[in-house]
Amino acid sequence: MNRIPLMDMSSSSAGRAPIRQRVVISALLTVAVFIGIGIGMLLSGGASARQERTHHTVQINHTSESPPPTISAALALSDAFAQIATRIEPAVVHIETASEPATAGSDLFDFFHQPNRRRRGAGAGVLVDPAGYILTNHHVIDQATMIRVHLYDRRTFTPRVIGVDEETDLAVLKIEDSRPFPYATFGDSEALRVGEWVLAIGSPFGLAQTVTAGIISAKDRMTEGPHANFHQFLQTDAAINPGNSGGPLVNLKGEVVGITTQISTRSGVSSGVGFAIPSSMAVEVYNDLITRGKVERGFLGILLDEVKPEVARVYGLDEPQGALIHDVVGDDTPAARAGLRSADIIVEYDGHRVRNQRHLTRLVASTKVGRTVELKVMRDGREVTVPVTIGPRPSATTSRALPAEDMVHQELLPPRRHHVDLGVTLKPVTSELAKMLDLDERRGAMVAEVEEGSLAEEMGLRPQDVILRYNRRPITAVQQLEAMLDDLQTGDDVVFEVIGPRRRLNRPGHAVLSLVIP
Numbered sequence: 014m015n016r017i018p019l020m021d022m023s024s025s026s027a028g029r030a031p032i033r034q035r036v037v038i039s040a041l042l043t044v045a046v047f048i049g050i051g052i053g054m055l056l057s058g059g060a061s062a063r064q065e066r067t068h069h070t071v072q073i074n075h076t077s078e079s080p081p082p083t084i085s086a087a088l089a090l091s092d093a094f095a096q097i098a099t100r101i102e103p104a105v106v107h108i109e110t111a112s113e114p115a116t117a118g119s120d121l122f123d124f125f126h127q128p129n130r131r132r133r134g135a136g137a138g139v140l141v142d143p144a145g146y147i148l149t150n151h152h153v154i155d156q157a158t159m160i161r162v163h164l165y166d167r168r169t170f171t172p173r174v175i176g177v178d179e180e181t182d183l184a185v186l187k188i189e190d191s192r193p194f195p196y197a198t199f200g201d202s203e204a205l206r207v208g209e210w211v212l213a214i215g216s217p218f219g220l221a222q223t224v225t226a227g228i229i230s231a232k233d234r235m236t237e238g239p240h241a242n243f244h245q246f247l248q249t250d251a252a253i254n255p256g257n258s259g260g261p262l263v264n265l266k267g268e269v270v271g272i273t274t275q276i277s278t279r280s281g282v283s284s285g286v287g288f289a290i291p292s293s294m295a296v297e298v299y300n301d302l303i304t305r306g307k308v309e310r311g312f313l314g315i316l317l318d319e320v321k322p323e324v325a326r327v328y329g330l331d332e333p334q335g336a337l338i339h340d341v342v343g344d345d346t347p348a349a350r351a352g353l354r355s356a357d358i359i360v361e362y363d364g365h366r367v368r369n370q371r372h373l374t375r376l377v378a379s380t381k382v383g384r385t386v387e388l389k390v391m392r393d394g395r396e397v398t399v400p401v402t403i404g405p406r407p408s409a410t411t412s413r414a415l416p417a418e419d420m421v422h423q424e425l426l427p428p429r430r431h432h433v434d435l436g437v438t439l440k441p442v443t444s445e446l447a448k449m450l451d452l453d454e455r456r457g458a459m460v461a462e463v464e465e466g467s468l469a470e471e472m473g474l475r476p477q478d479v480i481l482r483y484n485r486r487p488i489t490a491v492q493q494l495e496a497m498l499d500d501l502q503t504g505d506d507v508v509f510e511v512i513g514p515r516r517r518l519n520r521p522g523h524a525v526l527s528l529v530i531p
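With this note's numbering applied, the sequence shown corresponds to residues 14 to 531, in that order.
Everything labelled a hint here was simulated from the structure, so no lab data went into it.
Because the structure is a prediction, the values reported are computed rather than measured.
Please note that the accuracy of each hint is not assured.
With a Cα cut of at most 30 Å, we get these calculated DSS-like pairs of lysine-lysine [as the list claims (entries may be wrong)]: (1) Lys232 <-> Lys307; (2) Lys187 <-> Lys321; (3) Lys440 <-> Lys266; (4) Lys266 <-> Lys321; (5) Lys232 <-> Lys389; (6) Lys232 <-> Lys381; (7) Lys232 <-> Lys266; (8) Lys187 <-> Lys266; (9) Lys266 <-> Lys389; (10) Lys381 <-> Lys307; (11) Lys321 <-> Lys232.
Simulated DEER-style distance windows between Cβ atoms [stated by the list, open to error]: (12) Asp155 <-> Arg305: 15 to 23 Å; (13) Glu189 <-> Thr158: 54 to 62 Å; (14) Thr169 <-> His69: 44 to 52 Å; (15) Pro82 <-> Lys381: 52 to 60 Å.
Every residue, glycine too, gets a C-beta built ideally from N, C-alpha and C.
Could you put the whole structure together from the sequences, leaning on the hints where they help?
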């Protein structure tokens, strides 16, 4: 083997050829080394890539390992949700509707004369009887000219409408088949506690059999609307969206405890505030609709208001509870025949403690017509028992006519302002007003004027109102009332019992007005 000499760093003309050879050989060796390194890296990279692919392969774990104790409860709850959904879903139906267009008139911008298309809607319902009875919301089928019911097993039926109740927004449908249908059972909504888990099942945005979970956020929740007095909703944060209406709200036993009805939202979709009709009300309405085709509600014939703290103090209640009678409607109503009167506070109805005026309205409405119940009433600071026989709730009431306002003349006596700045001017009761209101002229003090923005306006006093009692004390003269009001101080309670010519739908009526002097 030839030995390669070490390079001599000195330069000379005699050794140029051997030096050139050594440079070429060194360059070739260098190239060979780099090629070898490159091939090694490629081989190593391929092996590494194959190794990485092997490591990234995943598999499904089919073994049933025991979970850590800290998550066992969560897994149990998850399993409960799944079992409930499996159990209740076959009883939940998807309801599809179509109705005629809202207007049949021509559109000025419809240049091509397109035909009016029917409006389509969707909602949910729940089978509550193996015979095919379905409970849903009235607004789901309202004005529908076509209704289709789609079952969990993909069968489709055209139902009959058994009955509807606009005031509670409930409706009952019925489908027919030779085989019994799967159905859900009702639970006790009264026994629900705030914080309990519930599931909502429905068809949000047409997506049938959608299950969402949440808790009971509140009970006895009141909302606004034309039939608000009959509603005391369950509130839930389970996602409820358009299309959920009529579907069931179920507890962890798989029982229906509510019928989802509406949401509170600014965006048109769920914001975590949904409402359901409690099962206690839904069952009563359902039973009436399938037996009579309509709901017959009890009736007392009274106008009610809340019991404010100042009213509770003046009338001897330990706390603001019950329902305050503003007025008794008519002379031949159950309340009038029983002797109930304005300023009575109903604190108990048929053994049930009355929470507020809406609670009493519901209790009366659910009482069978003709039944006699006992009321406990706070009257003049003492509790009295009043038996009353419940009558049927009329669709409209008749009343005596009231003359035009310009026929109620006022005597031109110099009015006197009392020293307390309620913003009201008092005068003696005129003979004409006393006759119209069927009053003794020696009773009460007439309101002649109410200043705009005053305390009197805030509490609801109106011109021509007659103040009959102040803090339960009868008023016999203007001077007597003025003397009482002169002693008022900040924090004092003021409760007036009044009668006015236009207190009840532009007709004579009583009212109880109150405030605390600021």
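These are the hints, each one checked on the structure:
no., hint, result
1, Lys232 <-> Lys307, "holds (27 Å)"
2, Lys187 <-> Lys321, "violated (46 Å)"
3, Lys440 <-> Lys266, "violated (65 Å)"
4, Lys266 <-> Lys321, "violated (39 Å)"
5, Lys232 <-> Lys389, "holds (25 Å)"
6, Lys232 <-> Lys381, "holds (25 Å)"
7, Lys232 <-> Lys266, "holds (19 Å)"
8, Lys187 <-> Lys266, "holds (26 Å)"
9, Lys266 <-> Lys389, "violated (37 Å)"
10, Lys381 <-> Lys307, "holds (13 Å)"
11, Lys321 <-> Lys232, "holds (21 Å)"
12, Asp155 <-> Arg305: 15 to 23 Å, "holds (20 Å)"
13, Glu189 <-> Thr158: 54 to 62 Å, "violated (20 Å)"
14, Thr169 <-> His69: 44 to 52 Å, "holds (47 Å)"
15, Pro82 <-> Lys381: 52 to 60 Å, "holds (54 Å)"
Comparing the model with each earlier hint shows violations of hints 2, 3, 4, 9, 13; every other hint is respected.
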